[in-house]
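Please dock the two separately framed chains into a single complex, following the hints provided.
Note that the protein sequences, when read in sequence, are chains A and B. Just add 114 to the spot in the first sequence (first one is 1) and you have this note's numbering. Just add 333 to the spot in the second sequence (first one is 1) and you have this note's numbering.
Where hints are given, some of them may not hold.
As the list claims (entries may be wrong) - The calculated lysine to aspartate or glutamate pairs, modelled on EDC-like cross-linking and capped at a C-alpha distance of 20 Å, are:
(1) Lys-564/A - Glu-529/B
(2) Lys-564/A - Asp-385/B
(3) Lys-433/A - Asp-342/A
(4) Lys-503/A - Glu-437/A
(5) Lys-503/A - Glu-490/A
(6) Lys-392/B - Asp-371/B
(7) Lys-392/B - Asp-560/A
(8) Lys-144/A - Asp-300/A
(9) Lys-396/A - Glu-466/B
(10) Lys-567/A - Asp-342/A
(11) Lys-198/A - Asp-378/B
(12) Lys-564/A - Asp-371/B
(13) Lys-249/A - Glu-147/A
(14) Lys-173/A - Asp-155/A
(15) Lys-565/A - Asp-378/B
(16) Lys-372/A - Glu-490/A
(17) Lys-396/A - Glu-409/A
(18) Lys-268/A - Asp-234/A
(19) Lys-182/A - Asp-245/A
(20) Lys-565/A - Asp-234/A
(21) Lys-198/A - Asp-155/A
(22) Lys-392/B - Asp-555/A
(23) Lys-564/A - Glu-169/A
(24) Lys-565/A - Glu-466/B
(25) Lys-345/A - Glu-358/A
(26) Lys-356/A - Asp-342/A
(27) Lys-310/A - Asp-373/A
(28) Lys-552/A - Asp-394/B
(29) Lys-552/A - Asp-393/B
(30) Lys-454/A - Glu-437/A
(31) Lys-565/A - Asp-266/A
(32) Lys-480/B - Glu-466/B
(33) Lys-478/A - Glu-170/A
If you're looking for bench data, these hints aren't it; they were derived computationally from the structure.
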Amino acid sequence: MATPAAGLLSSCAMGGGDDNDDASANQGEKTAENPFGVKADAPLEVVIFNGGYGEEYAKAHEAMYSEKYPNAKITHSSTQEISKTLQPRFVDGSPPDVVNNSGAGQIDPGGLVSQGALADLGPLLDAPSLDVPGKTVRDTLLPGVVDVGSYDGKFHVLNISYTAYGIWYSTKLFTDRGWEYPKTWDEHIALCRTIKAAGIAPWTYAGKHPRYMSWPVISTAVKLGGLDVAKNIDNLEPNAWKSEAMKTAADAWHQIVKDQFILPGTPGLDHVQSQTEWCRGKAALISCGSWIENEQKDVTPAGFDMAIAPTPSLGAGDKLPFEAIRGTAGEPFIVPAKAKNVPGGLEYFRTVLSMRGAKDFTQKVSALSVVAGAAEGATLPPGLTSVVKALDASGANGFNWVYNNYYRKLERELVDAACGEFFSGRIGPTEFLEQCQKGADMIAQDSSLKKYKRA
Amino acid sequence: MRHGKYPLIITFLVPPLILYGVFVLSPYLQAFQISTTDWLGFSADANSVGLDNFVRLFKDDYIWNALKNNAIMLAVVPVVTIALGLFFATMLNMGGRGGRAGVAGVRGTATYRLVYFFPQVLSVVIIAIIWREIYHPNAGLLNSALKAFGINGPAWLGDPRTAFWCVLAVMVWANVGFYVVLFGAAMQAIPKDIYEAALLDGASRSVTLRRITIPLLWDTVQVAWIYLAIAALDGFILVQQMTDGGPNFSSDVIGLRMYNTAFGTDTRFGYASAIGVVMFFLTLSVAVLALRASRRDRIEFS
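For reference, chain B alone in the conformation it holds in the complex (with noise of 0.2 Å):
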């Protein structure tokens, strides 16, 4: 039987890693050779200038503004969601105090997990369409409600201090629903002995979650960060879809900065490229530090 493994082998696995190769590799790697071109995508014309795009984009103002809110974002959007996760999955899971014994969620935790989880049915592009009218001024959603209390909303979307935060909170509420399930499964893998001892010893509700949950839940957390950081380095369809980047370059990020380089406003395929570079890289490291950074001991229930 043994000689007969390595034809089964190749013939599983050369298509798919062709496939890999062709549609993944290959682009990565003309990507990083159309980035030291000046190559319009108009023709097949052109010219290598060495790292100029680079140097370029070094100067760029426009491609700093957008790091520095890719920076934002980065720095709130794993944080808030993640936290904001973790809150609400404890509620569903443990939240519940009800005098009852035993560890469960709170009132009516089915409906509350069901429509958490509605965002992460919807596609972005329908996302950012139905906030866009939520946010609208004088018609939107938000705005009717804040005149029901007399006040006069802003702009959101038409005004700069506030619409790059505006679609972080959208984005933030898009995600937090994966990760309200994700952390409630891995919640459900937590030993319910662990909870009742702590119930009996009289821990409060955020004593558990800090001394218990998280620690146990640690790797889970972990991976969600990871999603989320190379995630709060994208945002381009949001943005995209509801500012275009503006006021006023005011919630630009460098996926808009690339894909308007490339076929919005600019056509330069060339720098486009090596701003897709400096992206690969940038969300590489991201990455690679928040494994770092979080690395702990893992800590297992047995």
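Chain A on its own, in the form it takes in the complex (with noise of 0.2 Å):
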């Protein structure tokens, strides 16, 4: 019994090898058409996340794949739970060669980078689009999609799909009864008052996941203080959190609670049931992504006319203007570094952020593409839609960050709970700050956790 039992302690759990000398066997010849140097008949592995989006759109993108390259077999798996069933493939150094590293149970990022594990996929950015001419990958992509799957300044992760954060409202119920959707925070204040007056509670939330709360927090704090409040914060610089404009932010949005905006019983709802109530029209306003119209479509009642909104503007003051949106990049891709098609991942990645891939991935899933223009000539749901103008009028003005990316336990978990303390009233504005920043601290003090620098 020892014999065996002492083989498998040493190869078992962290074993595996990393004997990959096969890769280099999957390099073709690199030329203007195939900027990768894609073998022909190299076999190309896909794993997608088989959530919200589905899995048709990911085999139409290999269909196209396959057209280029008829020979190569594409292998399409998808599953729900990436992480059980990819990181054992990692450790043991045969990972996939596209993962759709997406969902609740996503491998987490930072970490794969901090370890190697992911390819670079700078080329793809630098190779010509597929069929837009004259213009790189990088120029068809929408603002901040490169810096959001990018770690120290290296791009790691394709993220597909556009989302955007703001406040969401039913255009029905604003129109109904009259009320038009604020531009400052004063006429946000009067608007919850009469919302209150008419018997409905302004406000709902995330209860078991405040952090959805965090968003409109620190996008009132960006308006306000320009792009840097964001930037200081996913660099964990000292006191980021506690900076004027997160002060002015906080000190706003804590009126919503002292004045109990907030629709009674919230603390005790998860995402789906506060949405739900504000499906129901028990409340008015709700921070969420664009991917709230989806998860909601059971029950939304018809003519419902779901709208996204920027948060209101603190005053003339602020830096960045109304229509000022977060917007980034969602639904994450990667190549593993020890991939044994590494060009072949690259060349998937150029299908899919095509045109034609773009489009009809848009068209499939009812959501926007990372490629602008993908959405022109699509029929899009109404809350979509309001996102497709929201994202317009913001334009160059979008903002975004990206510490949930790099630290997830700090969003996840920390910031989640301090949201959790203020927005049910346990805790002040201030608390509230000393609270993130402490837990900001403690993710910057741990030497064990790799930092980065956003660019």
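The structure is reproduced here in structure tokens:
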């Protein structure tokens, strides 16, 4: 018994080979047509996260890849548990070529990068677009796509759908009641009073995932104080959470707690429960990303006509206009560094980011592609149409932050808990920012975590 | 025949032993080894860091907070569950005092027994989801019922003052049924004439329970104690499904800390294994202590 057990000890969980000699065997000649040097008959393995977007869109992309490389055998599989399915293969040194690393069970991207487990996608950005003449892939992307997938300036994660984060409301409810979405903070508070007087709660939020409310707070601060507010948070600068802009924003948001504008019981609701209360007309405003329309599909009443709007401006001193909205790329894809067919993975991404691939994606999953202009001519549901409009209006003023990608624990656990205390009224704005800062300091001081700098 | 015995024994014993070694012992041993590394679980790379993980664990406030909650569970869950289990089992088996001769349960015993066992049939995740909806602050069964009396109930799982106790209550609820059946079965084994004698002497129900049933049931209670103590050190599934440790870590347990460190918000397998190793020793000590503390002379009825 001793011998096999000992053998297992050394070989099981952490064992695994780093012998990956056959990678070079899949390197073909690089030409203008074939900038990554794809070997025409090299097989390609694609693993898709089977979540809100399903897997049909990926099968279409694979078919497009096959048109160009008919001799390449494509292995397609899908799972809802990316980490459970694939982490052993990363450890083993035999990961698939393309991974849709998404969902609640995604593998921590920051951790993967820190271990050098991801291929550099830089060449993809500089390669010519497949079907947009005269442009490189980089030129075809919406703003922020490269930023959000970059770690220490290297592009490792390609996010293929574009998400806007903002405040959602039912245009039907607002039109029926003669309300107008507020552009300034004072208008917002006045509207909240009106809504409350009408017997509806002005606000609700994902009480059990209160980080959803950190988005409007940080957005308000960024619009007030400029892009550096977010950048300092991302780079774990000392006291970044306690900047003047963050203080003013937290003070402002504290009012919806103080004046009891939040639906009673909200802290006990999870995201879907709170969004459902909102769909049922119990609350007027909610903070969410553009996936909300899909998520609430089954319970949204006909004619609800949800729409997204940016956070209200604090005042004339704001550095960014009211229209500025947080837009970022989501639905991450990676090519593992130890994949057998790295060039094939890059070429697959070029297919996904071709205008044809992007338009097909938009149509199939009713989400925006990261390729600019891919939504033109597509028929989109009302919520998404409002997202397209909001992103257009925001244009170059769009902003984003990425600390949630670098240090997942900071947003998902620490800031999350602080938001819960703050928006349920147990702590005030000063303690709220203290608690966030304490979390950020804890991450900053943890020498076992790799730190990233946002360029 | 004698020389043929060993091949037979080996043939039957070796396969299960190998399976046990590969799938139970070897992961345990590996966890010990991994707990001394900084392994992140993304590649085969891991550096030995000695006892660093344990030092960090000792200084980690979130671990202590989770342990505190486990300690409360350990103090409350077994006592309440066993007390309720004994109470219900007694009522179902000898609670009836309808004036008839002999020892019988209260009216509707069969129905109660079935109903108490329901939670045992459901998977823990289902239980968690059902109770999440019961605790729903606006549309849940609990607050709707309270509203009928004009009371505005709290947010239950959304309030740090109540969240942990709500989960704990579900834990008791989910466990009681099994112990009612377990204790009930043990009570069936107690000779009826003992109870009849006690009845004749005019013993009340509570005296009968204290002086006769519990002493004769002690072995079973002891087993229940150990099972429940181990369950109280876990509590992972209910907590993860119902509150995910929130709000503000108020319902966190050590199992959830370990899970989140390895698979959740953090991906540090080395550190998570260290938590696992600590849990292993904690559970082991609690089980041994529970055995020791409840040791009594066995009472035989002949």
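Here is how each hint holds up against the structure:
no., hint, result
1, Lys-564/A - Glu-529/B, "violated, 73 Å"
2, Lys-564/A - Asp-385/B, "holds, 17 Å"
3, Lys-433/A - Asp-342/A, "holds, 11 Å"
4, Lys-503/A - Glu-437/A, "holds, 10 Å"
5, Lys-503/A - Glu-490/A, "holds, 12 Å"
6, Lys-392/B - Asp-371/B, "holds, 17 Å"
7, Lys-392/B - Asp-560/A, "holds, 13 Å"
8, Lys-144/A - Asp-300/A, "violated, 59 Å"
9, Lys-396/A - Glu-466/B, "holds, 18 Å"
10, Lys-567/A - Asp-342/A, "holds, 13 Å"
11, Lys-198/A - Asp-378/B, "holds, 19 Å"
12, Lys-564/A - Asp-371/B, "holds, 13 Å"
13, Lys-249/A - Glu-147/A, "holds, 14 Å"
14, Lys-173/A - Asp-155/A, "holds, 19 Å"
15, Lys-565/A - Asp-378/B, "holds, 19 Å"
16, Lys-372/A - Glu-490/A, "violated, 44 Å"
17, Lys-396/A - Glu-409/A, "holds, 18 Å"
18, Lys-268/A - Asp-234/A, "holds, 7 Å"
19, Lys-182/A - Asp-245/A, "holds, 13 Å"
20, Lys-565/A - Asp-234/A, "holds, 18 Å"
21, Lys-198/A - Asp-155/A, "violated, 30 Å"
22, Lys-392/B - Asp-555/A, "holds, 16 Å"
23, Lys-564/A - Glu-169/A, "violated, 33 Å"
24, Lys-565/A - Glu-466/B, "violated, 40 Å"
25, Lys-345/A - Glu-358/A, "holds, 14 Å"
26, Lys-356/A - Asp-342/A, "holds, 13 Å"
27, Lys-310/A - Asp-373/A, "holds, 10 Å"
28, Lys-552/A - Asp-394/B, "holds, 13 Å"
29, Lys-552/A - Asp-393/B, "holds, 14 Å"
30, Lys-454/A - Glu-437/A, "violated, 45 Å"
31, Lys-565/A - Asp-266/A, "holds, 9 Å"
32, Lys-480/B - Glu-466/B, "holds, 16 Å"
33, Lys-478/A - Glu-170/A, "holds, 8 Å"
Hints 1, 8, 16, 21, 23, 24 and 30, counting from the list given before, are not met by this structure.
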